[in-house]
Amino acid sequence: MQSKTVIKRLSELPTMPCTIDTMAWNQTGDWRYLTPLVENKPAPCHSNCPAGIPIPDYLSAVKRGNLQEGLALLLSHNPLPGLTGRLCYHPCQTKCCRKKIDGAISIQEIERFMAGLATEIKNRRTRPSDERVAVIGSGPVGLSCAFYLGCLGFQVTVLDARDRAGGALADLPSKKVEAQVLEAEIKRVVHIADINIETSASFDLSKPREMLSKADLVILDPTGLMEETGMPVGAVSFNPFVDEEICGDIIAVTLSGNLKPFKAPMIAHYIAAGRLTAEKAFAYLVRRSDKEGLKKRRPHLSRLAAKVDDILMGHFSTSGLAADAKSGQEGTWDHDRALQEAGRCLSCGTCNLCLQCVLSCPDASIRLDSDKNAVEVDLYHCKGCGICAYECPRGVITMEEINA
Amino acid sequence: MKKVVMGNEAAALAAKLARVQVVSAYPITPQTIIVETLADIISRGELKAKYMPVESEHSAMSSCMGASMVGARAFTATSSQGLAYMHEMLHYTAGARVPIVMANCNRALTPPWNLYCDHTDSLSQRDTGWIQYYCADVQDVLDSILIAYAVAERVMLPVMINLDAFYLTHTSELLVVPEQEVVDAFLPPYKPSNKLDVDDPRTFGNVCGADLFTSIKYKRYCDGLLVESLWDQAAVKFHGHFNRSRPAVEAYRTEDADVCIISIGTATGAVRLAVDRLREEGMKAGSVRLAMVKPFPVEGFDRATASAKHIIVIDRDVSYGAEGIIAQEVKAGLFDRHKDMTFTGFISGVGGNDITPETIVPLVQQAISGQGEAVKAGKTFWTEVLP
Chain U
1 MQSKTVIKRL SELPTMPCTI DTMAWNQTGD WRYLTPLVEN KPAPCHSNCP AGIPIPDYLS
61 AVKRGNLQEG LALLLSHNPL PGLTGRLCYH PCQTKCCRKK IDGAISIQEI ERFMAGLATE
121 IKNRRTRPSD ERVAVIGSGP VGLSCAFYLG CLGFQVTVLD ARDRAGGALA DLPSKKVEAQ
181 VLEAEIKRVV HIADINIETS ASFDLSKPRE MLSKADLVIL DPTGLMEETG MPVGAVSFNP
241 FVDEEICGDI IAVTLSGNLK PFKAPMIAHY IAAGRLTAEK AFAYLVRRSD KEGLKKRRPH
301 LSRLAAKVDD ILMGHFSTSG LAADAKSGQE GTWDHDRALQ EAGRCLSCGT CNLCLQCVLS
361 CPDASIRLDS DKNAVEVDLY HCKGCGICAY ECPRGVITME EINA
Chain W
1 MKKVVMGNEA AALAAKLARV QVVSAYPITP QTIIVETLAD IISRGELKAK YMPVESEHSA
61 MSSCMGASMV GARAFTATSS QGLAYMHEML HYTAGARVPI VMANCNRALT PPWNLYCDHT
121 DSLSQRDTGW IQYYCADVQD VLDSILIAYA VAERVMLPVM INLDAFYLTH TSELLVVPEQ
181 EVVDAFLPPY KPSNKLDVDD PRTFGNVCGA DLFTSIKYKR YCDGLLVESL WDQAAVKFHG
241 HFNRSRPAVE AYRTEDADVC IISIGTATGA VRLAVDRLRE EGMKAGSVRL AMVKPFPVEG
301 FDRATASAKH IIVIDRDVSY GAEGIIAQEV KAGLFDRHKD MTFTGFISGV GGNDITPETI
361 VPLVQQAISG QGEAVKAGKT FWTEVLP
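Going down the list, the sequences are from chains U and W. Just so we're aligned, residue 1 is where the first sequence starts under the working numbering, counting upward by one. Just so we're aligned, residue 1 is where the second sequence starts under the working numbering, counting upward by one.
To give an idea of the chain W side of the interface with chain U (calculated C-beta under 8 angstroms), a few residues: (1) F204; (2) N206; (3) C208; (4) S215.
By construction, these hints were calculated from the structure, which means they are not laboratory data. We treat Cβ as the ideally placed atom computed from N, Cα and C, and that holds for glycine.
Work out the full structure, taking the sequences as your base and the hints as a guide.
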């Protein structure tokens, strides 16, 4: 920190009463009570998504024209966008802040468009493993769970007694989901996660030990089994939304009443159930193998969500923006249309370096760090006035009691 | 070029000739014509300046200060209540050492409501640190504003140019309008050595402990003492360009005067007529006009009153519980010589009453003879008061 220049003679005084040197030595950060926390927060659409898809993140990639990056982000939270794009009741759009200006972003249409993209995305195995997991049933829970476990590096086999994969999804009428769409979705899941799906498979749920001879963990998918089967002997019931951890090598995924029997519009909930099961299965397998004691850091889901009230609509002009927020004709969105629609996203809760905070800080204590490509608060001088948090159009900055 | 214009128009013309860059003002009778004329001039593109209409005089002065601090030549105008409303910013601008020039149209302070001439508005701002100049005629308005910028930018203090309401603001006289090139030669663009500059960031008016605070105020006090001579130097330079002079103190027939009548503003014209009349009657009278009132022009005043035995001050203002404000200033200026002379102060013309030779002559005669109601009163005598 620079040192203080001391005026010792009358002649050294400037005519105008002003500083003659840097005031950086005056660390006014000591005066601060509340501290601005610059941290991206889930957007309202994201918080309201049952599958927890970081919608503004992938839309922002789409906006920039990085479609494959956008697709990767989308798939990382939702392996079946072609199905959610058709079936989901899209609560994301209900909470879209853009509604206050013209209309909600047609997130579902964009999702469908994204699902239709050809992709060469391939999972990079993060933990090559010998452990085998058998997923019984290829419904949305089973597919989602198998996808994530496959992506985590396990050898996953999905067994389905029927001649077609998809479980409950395969029973949907074609006006809801055409057979080739389901097929394409499953093909991508298999391709990316590098898993096997055996249809017309024969297994005997009454002989669990037999199944365990081929796998270290058996997961029963309630959306993939043909009919309500009784709990196999030795199986442990596991509700991924409720149970903290898996205890047992044969688990029967159970779902709460609102998800039973299978309801197509709730697809995102099933995907979430599959992902949570996969995360907890991973923890179980790591714990059991006791190899390196490595702990998988779970996605930070408890972050404070950006509230609709935090989004300052005054900062967003309505002029020059696509006003036709109504969803277009089914499945006819082309590249330009999807990009245009993604361009309407306000990126709520996500800093896009608009620098409104930098412009409004009266102490020049929040600046763009071009190396990190992020705004940084100078805590030596920030007095905690909170103007940056007030001005942030996306609710990214919040004032917190932080003891430095 | 010669033109017949009102005092207010002369003020606007002067601002134009001074090439001011920012005008921020709020209209008030009797000043309105100044800002309207300037707004016209700027909107016609005759002056490249930013005109900032604001919601109050306080904001007018604040924005002028901001403009001045980034190095722009700023001008504003106000009157009476508006000046009172500016009070806080008058202290601030003088303390910030920004060379703003402001025209103030001297109007009575309310209540009761009165739009006419009275000097209490500006004289009650005498301790703000502003340089105060009181104009005698329309030409003086134009000339003094040009000199004011030269002085203000030299000493880094703001200047208030005062115009008597209606006697000057709304009275048309012949005005010699100088050529722009001549004005440019006299008054070069404002180039401050220190200003608000993003490329050289510094804090202005920041927190400061008692140690430096005292020294900063002392420095400003010392600079204030230089103002009279700086003004007179600028007036000499002005004479070189325009062949007219506007010294800080203007004396009339004082070379051998026993009696010096002190006045400010337009009343000086009547005082001079009264002096002529008193001289015809054999009294050695002279007129001293304090063009500059703050800082008190000690040297010019001493020169002009060197032979005086009787000092008479006509105040168009009052300090309640005391006497006329000019009377106080003059008394302070005379302290070293007070044993050699008599002093009489009158308050006259308050709230717009006309000060005429007919008012002045009998007052002077009574003061000198020591007889009459003005003397019997035994305190500051007010003219035009109900019996």
